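Using my numbering, you'd call the opening residue of the sequence shown number 1 and step up by one each time.
Hint data in this document are derived by calculation from the structure and do not stem from the laboratory.
Do not rely on the hints blindly, as some may be mistaken.
Derived DSS-like pairs: lysine-lysine, alpha-carbon spacing no greater than 25 Å straight-line [claimed, not checked]:
| # | residue 1 | residue 2 |
| --- | --- | --- |
| 1 | K122 | K12 |
| 2 | K633 | K559 |
| 3 | K122 | K413 |
| 4 | K413 | K83 |
| 5 | K332 | K69 |
| 6 | K413 | K332 |
| 7 | K111 | K69 |
| 8 | K489 | K462 |
| 9 | K633 | K654 |
| 10 | K633 | K649 |
| 11 | K111 | K122 |
| 12 | K83 | K111 |
| 13 | K69 | K333 |
| 14 | K69 | K83 |
| 15 | K333 | K654 |
| 16 | K413 | K425 |
| 17 | K633 | K671 |
| 18 | K413 | K649 |
| 19 | K671 | K559 |
| 20 | K68 | K111 |
Just so it is clear, the structure is predicted and the values come from calculations on it, not from any experiment.
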Amino acid sequence: MMSAFKSSLQRKLLAVMLLTTLAALIVALGAMIIHDLRAYHRTWVNDMTAQAELLARTTAPALTFDDKKVAHENLSILRYQPKVRAAAIYSPDGSLFATHAGHGEPPVFPKLPAEDGVEVSKTSLVIFKNIMDGADVIGTVYLKADYELFDRVVNFSGIAVAVMLMSMLVALLVSTWLQKIVTRPILEIGKAAREVVSQRDYSRRVNKISEDEVGELVDSFNNMLIEIERRTLALETSNREKVREVDERRNAQHEIMRLNQELEQRVQERTRQLETSNHELALATQAAESANQAKSEFLSSMSHELRTPLNAIIGFGQLLTSDVMSPTAEQKKTFTEHILRAGRHLLELINEILNLAQIESGHLSLSLEPVSLQEILQDCHTMIEPLGDQRGIRTLFPTSCDLNVMADRTRLKQVLLNLLSNAIKYNRDMGAVVVDCTSASPDRVRVSVQDTGMGLSEAQLKLLFQPFNRLGQEAGAQEGTGIGLVVTKHLIESMGGEIGVTSTVGMGSVFWIELRATEPVPAISHRDVLTAMAPKETAPKQHQTYTVLYVEDNPESLKLVEQILSTRPDIRLLSAPDGRLGVELARVHLPDVILMDNNLPNLDGASAQAILRNDPKTRHIPVIALTANAMPKSINQGLAAGFFRYITKPINIKELLEAINAGLEASVAEKSEH
């Protein structure tokens, strides 16, 4: 407030003085410039006119006697007039009789003389003067000289501006000094008034520094403060008395209001509790309805997806066993290939459904550790490259990726293999898949998988991570479940990461994942550790017969294992349909390896394995679990309970034979030690 008042008052006084000075300067300098210009014009015109008359008189005899030499000599006198650009003598018939050009002036003259007179332009003064011989016109004098009125205007204007600037600067300094004498007392009064208003300090006074009208104003202001201070003290005394009475009444009212508020609060609390209960009940009802609807939709989709491969398995199986069709050997091979492909698809679907159920139930177990992306990408490259070669698709991986992330090694590889297999599956033939890894930020690492497929539209991107939604590829040539990306998204988010996609229709898509960056892992790789820990392979002894006991209640599974082991003449297979009989046969025959199903009548596989492990006679026999219970938790529990290997159905023949060989080697080694 003070600075605003000060600035306003001082600037107003300063502006008045400066504007007055400026107006006086403009008037004085303007009058001086106008007077000088008028005098210059009049003097220069008179001088040039006199010069023309002088030339007319001196040149008249030369025209009379037609003496051009004398005329030229008369005109040459003008060389001492540097401002004369050109001069000429015209004969009575209008032709040039004699001419003179100024310094640097080109000899350009009017073709005919004009009337007697003076013509002024911006930079030139032109005079035509008749040459008289008595009353007769015997010729014309032409003069063209510089007319510097415009230049004088510019020069005088510059001088005037400089004079005004200097004058205004002097006026500013003088005005600044003088106006402080006038404004200082007024500013002091304004400052005191603001302090009185803001601080309520009526004892404030303004110092009197002069005996003029301003001094009288200071006295009046101080007297006003004295009167206000006196009345304020009286008013405060009266107000304190009234406040005391009002406080007594207010205390009584407050007590009544407090009781009313307590009652209202109790009513409001009970009302809020009732509303909250009703709202929670409505939300629970809505959530239950949504859950039931989602469950129905999921079961409907899962039923459809499961029945599709089962239709192929059962249909082609019926064709193989049909007595009417009698398929040829080639047809049988084709039907069998269809059954195997549908079976693998069904297994993939079941595994992904189990993975999704495990993730959504919150039972997913992750082991987060520093993982080298270089190692993971090399493994993925080795596994995925043959799939791309089948369709001529190039797989381009970074030559080096010295970045490390905090992740579960197995789950991260599962995520990358899913993205890479999708990039190949939905790519065009002879296309390409480009993998890249970069630092998205100082603490985040991004891995991207780019394909050259058909790309996804905006509508498809919105439905990308929904279960069983294959975005219109259900009828395509490529098999799929529509669950892989859902599982991938859950896995990445469970590891504290993020997944995203950008796509252009007709050009391809880029799927990317981001995980938390971490410090480099030790130089030794996970592959080296596994290799070092793996048991050395030793070939079974030649010409030796081994006994394998298979405890299985399903005849079809038993028949399948019999067919698999029929390729091994060195293995004798025994079987038992339930757990109790399996334990008795194991005690009697002491087989080299036992294959044990978990879901058995009378005695389950885990209990049977526990009995055999606690019996000194059968403790050394490797027991391999061969079961359809493929949940990761069950696998971990089985291995922890003492199973030598844990193999899930459907049976991978190569995996089963490797497990049996390892069991036979362990059994032989155990027997040799004893």
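Status of each hint after checking the structure:
1. K122 with K12: violated, 43 Å
2. K633 with K559: Distance ~29 Å between K633 and K559 Cα, so the pair is violated.
3. K122 with K413: Status violated; Cα separation ~92 Å.
4. K413 with K83: Violated: K413 and K83 sit about 99 Å apart, past 25 Å.
5. K332 with K69: violated, 136 Å
6. K413 with K332: violated, 37 Å
7. K111 with K69: holds, 21 Å
8. K489 with K462: holds, 14 Å
9. K633 with K654: Distance of about 24 Å is within 25 Å: holds.
10. K633 with K649: holds, 16 Å
11. K111 with K122: The hint holds at about 22 Å.
12. K83 with K111: Holds, at roughly 22 Å.
13. K69 with K333: violated, 133 Å
14. K69 with K83: holds, 24 Å
15. K333 with K654: Between K333 and K654 the Cα gap is close to 21 Å, so the pair holds against 25 Å.
16. K413 with K425: holds, 18 Å
17. K633 with K671: This hinted pair is violated, its Cα atoms lying about 33 Å apart.
18. K413 with K649: Given pair K413, K649 holds - Cα atoms ~23 Å apart, limit 25 Å.
19. K671 with K559: At roughly 30 Å apart (the allowed maximum being 25 Å), K559 and K671 break the hint.
20. K68 with K111: holds, 18 Å
Going down the numbered hints, you'll see the structure goes against 1, 2, 3, 4, 5, 6, 13, 17, 19, while the others check out.
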